[in-house]
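Peer 1: Taken in sequence, the protein lines are chains A and B.
Following the working numbering, the numbering of the first sequence begins with 1 at its first residue and continues without gaps.
Following the working numbering, the numbering of the second sequence begins with 1001 at its first residue and continues without gaps.
Please keep in mind that the hints were generated in silico from the structure rather than gathered at the bench.
Source: prediction; values computed, not measured.
Virtual Cβ for every residue (Gly too), placed ideally from N, Cα, C.
Some clues are possibly wrong.
[What the hints assert, rightly or not] Derived Cβ-Cβ restraints for the label pairs, each shown as a range:
(1) B/Tyr1036 to A/Gln84: 54 to 62 Å
(2) A/Val107 to B/Phe1059: 46 to 54 Å
(3) A/Glu65 to B/Ser1002: 25 to 33 Å
(4) B/Leu1026 to A/Trp126: 46 to 54 Å
(5) B/Ser1002 to A/Lys64: 18 to 26 Å
(6) B/Ala1061 to A/Lys129: 17 to 25 Å
(7) A/Asp21 to B/Arg1017: 50 to 58 Å
(8) B/Ile1028 to A/Tyr151: 40 to 48 Å
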Amino acid sequence: MVLANSGARMSSHSHEVTTVDLSQPMYTDRLDTPLPDKPYKEVLSAADKTLQQKEMGPWTKLSKEEKLALYRLKFNQTYEEMKQPTGEWKTVIGGMFIFVGITGLVVIWQAIYVYPARPRTFEEEWKSKQAQRMIDMRMNPIEGLASKWDYQTGQWK
Amino acid sequence: MSLQKPVMRNLLGKRLRFHLPIAFALSIVAAAAFKYGVTEPRKQAYADFYKQYDAVKEFDAMREAGIFESVRPSGE
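Construct all of the structure, not just a fragment, from the sequences and the given hints.
Peer 2: In structure tokens form, the structure reads like this:
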């Protein structure tokens, strides 16, 4: 692990702060990057080092546990482990519903305290008189409103 | 046991040769459907309407309904 070192920064900190130098190659577990920039374990114990020496020879001599140990030196998680479901979707959906609910409360408050009075053109009487006038002036007589009105009987078709 | 070399060439050509005739055919079908489903009935509806249309009669009916400002219904 490479630590970024700038002496002037550390004076006011009371706890340990490890900073990562992002300009150096990094290890990442990513589905779209099968071979990360550097191996996972860089400080190797003596046993690890002997294992790596053995790796230089024919691989048929390695046991299954040794092969797995060598894999874990290079990589942190397998693809199967990376693909494990995280349950993050529950947080996302839950948070979404919370905010939609808050928005709903805001909308209700608005409907009570902010909206002006309803225009009188929405009343039933006004609307029926309006429709009658539209029929009288033959609005869209071929395919639209007046075409649905039977002028002989005075009823909708 | 090495893998076979994957197909590297003609990928777009193959896709176009398959999808373009289908695209053209579907577009023509869509145009024909719109023509015979929408525009032809509409033209027929207009023709039928105006075959029996008496403009003076319609005007008198509208005048009696009282929607004009220049001519009031005959009663007033």
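Peer 1: Now tell me if each hint is right for this structure.
Peer 2: Checked hints:
no. : hint                              : verdict
1   : B/Tyr1036 to A/Gln84: 54 to 62 Å  : holds, 56 Å
2   : A/Val107 to B/Phe1059: 46 to 54 Å : holds, 49 Å
3   : A/Glu65 to B/Ser1002: 25 to 33 Å  : holds, 29 Å
4   : B/Leu1026 to A/Trp126: 46 to 54 Å : holds, 48 Å
5   : B/Ser1002 to A/Lys64: 18 to 26 Å  : holds, 25 Å
6   : B/Ala1061 to A/Lys129: 17 to 25 Å : holds, 18 Å
7   : A/Asp21 to B/Arg1017: 50 to 58 Å  : holds, 52 Å
8   : B/Ile1028 to A/Tyr151: 40 to 48 Å : holds, 42 Å
Hint compliance for this structure: no hint is broken.
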